[in-house]
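Asks: Start from chain E and add chain D according to the hints.
There are 2 protein chains.
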Amino acid sequence: MGISRVLPVALLLAGLGDLPPPPGPRYDATGALILPDGLDRWILVGSSLGLGYADPTDRGAGMFHQVYLAPRAYDAVRRTGRFPPGTMFALVAAPPGARGTPARQGVYAETPVRVELAVKDPARFKEGWAYFDFGPGRPGATARPLPRARCERCHAEHGARDHVFVQFYPRLRDATAGVRP
Amino acid sequence: MGISRVLPVALLLAGLGDLPPPPGPRYDATGALILPDGLDRWILVGSSLGLGYADPTDRGAGMFHQVYLAPRAYDAVRRTGRFPPGTMFALVAAPPGARGTPARQGVYAETPVRVELAVKDPARFKEGWAYFDFGPGRPGATARPLPRARCERCHAEHGARDHVFVQFYPRLRDATAGVRP
Chain E
14 MGISRVLPVA LLLAGLGDLP PPPGPRYDAT GALILPDGLD RWILVGSSLG LGYADPTDRG
74 AGMFHQVYLA PRAYDAVRRT GRFPPGTMFA LVAAPPGARG TPARQGVYAE TPVRVELAVK
134 DPARFKEGWA YFDFGPGRPG ATARPLPRAR CERCHAEHGA RDHVFVQFYP RLRDATAGVR
194 P
Chain D
14 MGISRVLPVA LLLAGLGDLP PPPGPRYDAT GALILPDGLD RWILVGSSLG LGYADPTDRG
74 AGMFHQVYLA PRAYDAVRRT GRFPPGTMFA LVAAPPGARG TPARQGVYAE TPVRVELAVK
134 DPARFKEGWA YFDFGPGRPG ATARPLPRAR CERCHAEHGA RDHVFVQFYP RLRDATAGVR
194 P
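Those sequence lines, one after another, are chains E and D.
Counting from 14, one number per residue, gives the positions in the first sequence under my numbering.
Counting from 14, one number per residue, gives the positions in the second sequence under my numbering.
Careful, some of the hints might be misleading.
With the Cβ distance kept under 7 Å, some of the chain E side facing chain D (calculated, not the full set) [unchecked claim]:
(1) Thr-114
(2) Gln-118
(3) Phe-181
Since the hints were derived computationally from the structure, they do not count as laboratory data.
Every residue gets a Cβ at the ideal spot worked out from N, C-alpha and C, and that includes glycine.
Chain E on its own, in the form it takes in the complex (with noise of 0.2 Å):
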């Protein structure tokens, strides 16, 4: 077998281990959408406190919200100024923790309690995004889209970029100023 024959495969088996994650959403037969591994390795772009825009539930309750955006997303966003198809969002809600020393005063945040999933996928959903709430966010958890008056109306009406609530997330807001949508 010459050289020109081993080395690609050497170079492919060479990379294996460094291979990222399969990068846009992934379905399973029913077309549910199943929950992305590594999560906590998303670019955080988003952080609030109380912030009534997502769940009813939530109102009130003054929950931490983290929002972060798929590795793959970001680079995009950061180099286009927009959202491509397969972009993933992920808002983690914590409830407010307050357990003293040394803090005096404040509050952080606990361990999570739900994540919900927004997806850009025009070739499958007509709003062209779709969310999904996946609760505690258990490993391999799957989910379908929400009604589209429980999220997508009001981020289609009041998202300030795309759908995106970018006027809360500074990072993303200054990378897309100025591009066309």
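Replies: Chain D only, in chain E's frame:
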């Protein structure tokens, strides 16, 4: 040139594009810490609003604090329960914003205004850890260790694990529970 000489070089080159950035703290010729690049890709381990332990100038201002851990240290602490030499945390402070639609209540983190780092480097710092204030955190900024009374003393006394306030970081609290420091 035989295949035995070519292949290792080819494998090395194939992997270069995937090399992580230098994993530990870097200092300039005067010994000042250089602000690392790519903080946006560090792992969020803590989030708080108005927590009164970090900096007297924040007290009463109700700043958001996001606490990030460098990826290599994050992997290590999840595997071993301990913070290895070279561990770096970043604390990013951002004022609260409340720019309306569609939010009817609550606050979100606006553009960050200050970056502080905690570094574990026992070969360099007598206490093991040192703390650095990079002000607005401009790229390439450098900072000298803060006086012990400013940060280290309280971290040493009240950090639930090895000078780290894991009591406020649920994910690290779980990772370090039951492991001897």
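Asks: Tell me, in ascending order, the numbers of any earlier hints that this structure violates.
Replies: Nothing - there is no hint that the structure violates, so all of them hold.
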